[in-house]
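**Q** Once you have looked at the hints, place chain B on chain A.
The listed protein sequences derive, respectively, from chains A and B.
Under our numbering, the residues of the first sequence are numbered 3 to 218, in order.
Under our numbering, the residues of the second sequence are numbered 3 to 218, in order.
To be clear, the hints were calculated from the coordinates, so they are not data collected in a lab.
Values in this document were obtained by computation on a predicted structure and should not be read as measured data.
One thing to keep in mind: the hints can contain errors.
Put simply, identical chains are the same to the list, so a pair is met inside one copy or across any two.
As the list claims (entries may be wrong) - Below, simulated DMTMM-like cross-link-like pairs (lysine to aspartate or glutamate); rule was C-alpha separation at most 25 Å, straight line:
1. Lys57 <-> Asp36
2. Lys179 <-> Asp212
3. Lys145 <-> Asp209
4. Lys57 <-> Asp184
5. Lys206 <-> Asp162
6. Lys216 <-> Glu151
7. Lys168 <-> Asp212
8. Lys106 <-> Asp163
9. Lys147 <-> Asp163
10. Lys106 <-> Glu43
11. Lys106 <-> Asp162
Protein chains: 2
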Amino acid sequence: MKIGIVGGTGHIGQGLACRLSHNHEIILGSREKDKASEAGECIINALNEKGIKSKCTGATNQEAVDEGDIVVLSVNYKYLKATLEPLKGFEDKIVISPINPIGKGDYFYYDPPKEGSAALAVKSLLPKSAKVVSAFNNISANKWKHIDEELNYSVAVCSDDEDAKKQVMNLVNEVSKLKAIDAGPLAMSSVVESITPLIFNIAKYNDMKDVGVKFI
Amino acid sequence: MKIGIVGGTGHIGQGLACRLSHNHEIILGSREKDKASEAGECIINALNEKGIKSKCTGATNQEAVDEGDIVVLSVNYKYLKATLEPLKGFEDKIVISPINPIGKGDYFYYDPPKEGSAALAVKSLLPKSAKVVSAFNNISANKWKHIDEELNYSVAVCSDDEDAKKQVMNLVNEVSKLKAIDAGPLAMSSVVESITPLIFNIAKYNDMKDVGVKFI
Chain A
3 MKIGIVGGTG HIGQGLACRL SHNHEIILGS REKDKASEAG ECIINALNEK
53 GIKSKCTGAT NQEAVDEGDI VVLSVNYKYL KATLEPLKGF EDKIVISPIN
103 PIGKGDYFYY DPPKEGSAAL AVKSLLPKSA KVVSAFNNIS ANKWKHIDEE
153 LNYSVAVCSD DEDAKKQVMN LVNEVSKLKA IDAGPLAMSS VVESITPLIF
203 NIAKYNDMKD VGVKFI
Chain B
3 MKIGIVGGTG HIGQGLACRL SHNHEIILGS REKDKASEAG ECIINALNEK
53 GIKSKCTGAT NQEAVDEGDI VVLSVNYKYL KATLEPLKGF EDKIVISPIN
103 PIGKGDYFYY DPPKEGSAAL AVKSLLPKSA KVVSAFNNIS ANKWKHIDEE
153 LNYSVAVCSD DEDAKKQVMN LVNEVSKLKA IDAGPLAMSS VVESITPLIF
203 NIAKYNDMKD VGVKFI
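Same shape as in the complex, but just chain A (with noise of 0.2 Å):
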């Protein structure tokens, strides 16, 4: 399958590549296709020195939508819309939003766009025949970095569209240890993305580092 990762040089974006180049063929797209390009070629070269073959091509980010059968948006919440703008050909395709709006003050707290969630932003922005689903919201940027780590989470899947969403779940389980959970529709997605800042507050208040969620 071939995977087009919006913002593909974010932590995010590097560390679903790392995981899933093996598998299948990564697009990495970027506004700069040069950062893009050598971001992809580090993923290949830190695989290769492990004896992984992988496939992580540097591109546009309008490269990485038209290309992929998939499409990661690996952006900050912040920047969502102005990366979005310009981009097209969002049609029938499968997006993937991990986009968790996190607010700081003394502590960090869930601050959702008046959609009600930053998936449901995503929505609302693409043409309606795209099949936003959430996911990965609640995996630390540190965990997806280094290789050999395991990720032994559960990862919350919310879509209104069934086949989408089962797709993606197909793809989670692909990862390291992660098990894909059906959360439901995506109105559901904001509680999903406010467990996001519930967990940087654990690991901050009880000295854990990294904290993921399991549901069992």
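**A** Chain B alone, transformed into the frame defined by chain A:
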């Protein structure tokens, strides 16, 4: 320690009484004292059969407030205001809210009051000196009842009063294998409460039973 449970004949109330009455004196409150006395005897007998001595007295809700060092509000959110209205004497007490305001359409959803969460609504209804702590929000009612069943979950605890939070965390850690987690100020209780409809949906959509949560 004396623990008063307002609405003590409900699932969570009886469950808590079962799990705590061998270490603490439970004052099981109800609008109908007879019902509470019956429930209290049931709990004592059930524990007795397992060779566990316990102390659990039926009482009115007002007596549960008056006598408890810690008061648990084991009340459905719908009845919270009506239950609290006639009760007095919450000054300086530690008050635990395990309450989750949940709505149900095609799926379960979080339905918070204008204060932002049930715990914040409790705070607004009680005297200023009451120390409101949210805890025990994400544990299935079914799990409480079967005393032989291990409870191996995280319990996120929120409060603006650090000392009260610590006392409640100690109480949590006494129950089975529950692990208390400091989840920050009471404002974070909205996220913790909202996890309950999420796990209800997860149970439904993934054919799981009595889903709980662990922060790891």
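**Q** Work down the list of hints and note, for each, if the structure agrees.
**A** Do the hints match the structure? See the list:
Taking the shortest Cα distances, Lys57 and Asp36 sit within 25 Å of each other inside one copy (17 Å), while across copies they are farther apart (71 Å). With identical chains, the CA atoms of Lys179 and Asp212 are at most 25 Å apart both within one copy (16 Å) and between copies (22 Å). In the homo-oligomer, the alpha carbons of Lys145 and Asp209 lie at most 25 Å apart inside one protomer (17 Å), although the nearest pairing across protomers, at 29 Å, exceeds that limit. In this assembly of identical chains, the alpha carbons of Lys57 and Asp184 never lie at most 25 Å apart, being 29 Å within a copy and 42 Å across copies at closest.
When the C-alpha separation of Lys206 and Asp162 is checked against a cutoff of 25 Å, the pair qualifies only between copies, where the shortest distance is 16 Å, while the shortest distance within a copy is 34 Å. Proximity of Lys216 to Glu151 under the C-alpha cut-off of 25 Å is found in both arrangements, the shortest distances being 17 Å within a copy and 19 Å between copies. When the C-alpha separation of Lys168 and Asp212 is checked against a cutoff of 25 Å, the pair qualifies only between copies, where the shortest distance is 23 Å, while the shortest distance within a copy is 27 Å. Taking identical chains as interchangeable, the C-alpha atoms of Lys106 and Asp163 lie at most 25 Å apart only when they sit on different chains, with a minimum of 20 Å there against 33 Å within one chain.
In this assembly of identical chains, the alpha carbons of Lys147 and Asp163 never lie at most 25 Å apart, being 30 Å within a copy and 37 Å across copies at closest. Taking identical chains as interchangeable, the C-alpha atoms of Lys106 and Glu43 are never at most 25 Å apart, the minima being 34 Å within one chain and 49 Å between chains. Taking identical chains as interchangeable, the C-alpha atoms of Lys106 and Asp162 lie at most 25 Å apart only when they sit on different chains, with a minimum of 17 Å there against 30 Å within one chain.
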